[in-house]
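> Chain by chain, the residues run as shown.
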Amino acid sequence: MSFDQNAFLIIITAAMIAISCGLLGVFMMLRKMSMTGDAISHAVLPGIVIGFFVSGSQRGLEVIIGAGILGILATLMIDWLRRKARVQLDASIGITFTLLFAIGIILINLLAYKVDLDQECVLYGEIAYLPIDLWLTKSGLNMGPRILYLSLLNLILVTAFIILFFKELKVTSFDENFSKVIGIPAGLINLSLMSMVSYTTVSSFEAVGAILVVALLVVPPATAFLWTRKLKLLIQLTIVLGIGISIVGYYLAYLFDSSIAGMIVSVAGIAFLASALFKSKSFLSRFGTSRQPESLKKIV
Amino acid sequence: MITQVKSPILEIHDLTVSYDQSPVLWNVDLSLPSGKLIGILGPNGAGKSTLIKAIMGLVDPSGGYVKLFDKTLEEVRSRISYVPQRESVDWNFPASVLDVVMMGTYGKLGLFKRPGKKEKELSMESLEKVGMHGFANRQISELSGGQQQRVFIARSLAQNADLYLMDEPFAGVDMATETAIFELLQEMTAAGKTVIVVHHDIYSAVNYFDWFIMLNLHLVASGPKETVMTEDLLRKTYGGKLNLLTKVSDLIRQKEFNPLKN
Chain B
1 MSFDQNAFLI IITAAMIAIS CGLLGVFMML RKMSMTGDAI SHAVLPGIVI
51 GFFVSGSQRG LEVIIGAGIL GILATLMIDW LRRKARVQLD ASIGITFTLL
101 FAIGIILINL LAYKVDLDQE CVLYGEIAYL PIDLWLTKSG LNMGPRILYL
151 SLLNLILVTA FIILFFKELK VTSFDENFSK VIGIPAGLIN LSLMSMVSYT
201 TVSSFEAVGA ILVVALLVVP PATAFLWTRK LKLLIQLTIV LGIGISIVGY
251 YLAYLFDSSI AGMIVSVAGI AFLASALFKS KSFLSRFGTS RQPESLKKIV
Chain P
301 MITQVKSPIL EIHDLTVSYD QSPVLWNVDL SLPSGKLIGI LGPNGAGKST
351 LIKAIMGLVD PSGGYVKLFD KTLEEVRSRI SYVPQRESVD WNFPASVLDV
401 VMMGTYGKLG LFKRPGKKEK ELSMESLEKV GMHGFANRQI SELSGGQQQR
451 VFIARSLAQN ADLYLMDEPF AGVDMATETA IFELLQEMTA AGKTVIVVHH
501 DIYSAVNYFD WFIMLNLHLV ASGPKETVMT EDLLRKTYGG KLNLLTKVSD
551 LIRQKEFNPL KN
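Protein chains in written order, with my numbering: chain B, 1 to 300; chain P, 301 to 562.
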């Protein structure tokens, strides 16, 4: 076991990404849109490529804007297919993100001579490079790891978004029609949430990659939901899980000399399975069999 | 048999709604008085819920318009309350009973504002009216169907509106609760509120409503109970369901008839 500055930086960054994803993921889950998060994380690829092409670097604001636009486009396309073309939700998600991802791959190939980017770097990412990917100011001052700042900014914006629109997010997630009736712009809230998911995906893809971002969006909220039916507790638990899996994941990766992001997500998955197992057991003993009073059970 | 009223609280003009080119409501044209308990009757698939949704702007009509308080919906949103069908939401949602009822106050709060003490008190009062104040801190996933329905009604009461539209609020509610809620609705109409209810039980409908809208894709009747509760109009509304109709006409003949449930 080692605890040095690099380990600290990696864990802090991973935890911040996990918290940002978890906060958004809670509301995605409550809206039954967890897989839309999956779709968005892949559909942003053409936006990243175009942004990359325009700005000439992975770090440009154009990349985030491009990805944001594509994320919203994907959301609108899924929604349109479902409502107007009467395609089932899962099918419309499948059609949308594969199509957009494929366009992204074609764009990468077409622009290959100009763009230092490939699908793999978008899909997988590598947080272990974080300590050597530094933010240098024009005068050459070393400000520390670049991704640390990116994920801090992301966390601040996501937190602000959730706090400011908490009431609106809650009511639109629970009862969309009712929120429309009382004059809350449900469509706009939904698009804002999807934009935040797109932005978070792009901000995190260098560190953990688009596939594992999905896991961070889906798994911690789903695990927390096994333990509580209180919204505030659900959010708090998701945050704690995000921090926990980052720490445990990092040290397991260190121990096995393996991918940190992969290990973080594996730990999350195991935590979920363990929770599900535990809950199903206690669920059975609490509700399943004791629906009848104890005295009755003996007679039967 | 359509009775139009002067200075109506709700005016529907030539409303047609279609899903996928097939119309589910044809040329509905009616006006409703204020301060009445109004029942919408009709068989399954008659367009009752669609009518409510069209009034609330949740489905776009392919023709016609709706006016509330002689204004458009946007101008009078805060004066209108809506109780959707219970099945329209997932009751596994992580929220307490009080949380859900407080949502009724969100419309008047506006953006960025959090509900405070005043909203909490209003919500508790609303819960008390439906007899659910003892459940305020219960999680909604732990409620029975009838209790969920009462939470929805409490949420609409917390909106403090003048016009209430309720979509099947008595589905899955036991008789004692149904009677209690009907009495509450009657109190509200006595205080000048207007309540429109989609209802499927003709027996209890006859006892409680002042005014009926009878619907079967097109509007069969709209008027005070005395003028529209006739065998002829019910037959037109419900078509060939004779067994039911015989029972209903029996019911109408014996004016003093008291359904078992009372």
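I should point out that these hints are in silico values taken from the structure, not numbers from a laboratory. The C-beta atom is built at its ideal place from N, Cα and C for all residues, glycine as well. Among the clues, some could well be false.
[Said to hold, decoys possible] Heads up, simulated EDC-like pairs for lysine to aspartate or glutamate below, C-alpha to C-alpha not over 20 Å straight-line:
hint: 1; chain 1: B; residue 1: K32; chain 2: P; residue 2: D370
hint: 2; chain 1: P; residue 1: K418; chain 2: B; residue 2: E176
hint: 3; chain 1: P; residue 1: K371; chain 2: P; residue 2: E442
hint: 4; chain 1: B; residue 1: K180; chain 2: P; residue 2: E375
hint: 5; chain 1: B; residue 1: K232; chain 2: P; residue 2: E387
hint: 6; chain 1: P; residue 1: K408; chain 2: B; residue 2: E176
hint: 7; chain 1: B; residue 1: K180; chain 2: P; residue 2: D474
[What the hints assert, rightly or not] Rough simulated footprint, nothing fancy, chain B against chain P, three-plus residues with beta-carbon under 8 Å:
hint: 8; segment: 378-391
hint: 9; segment: 407-416
hint: 10; segment: 513-521
> For this structure, which hints from the list above don't hold up?
1, 2, 3, 5, 7 and 10
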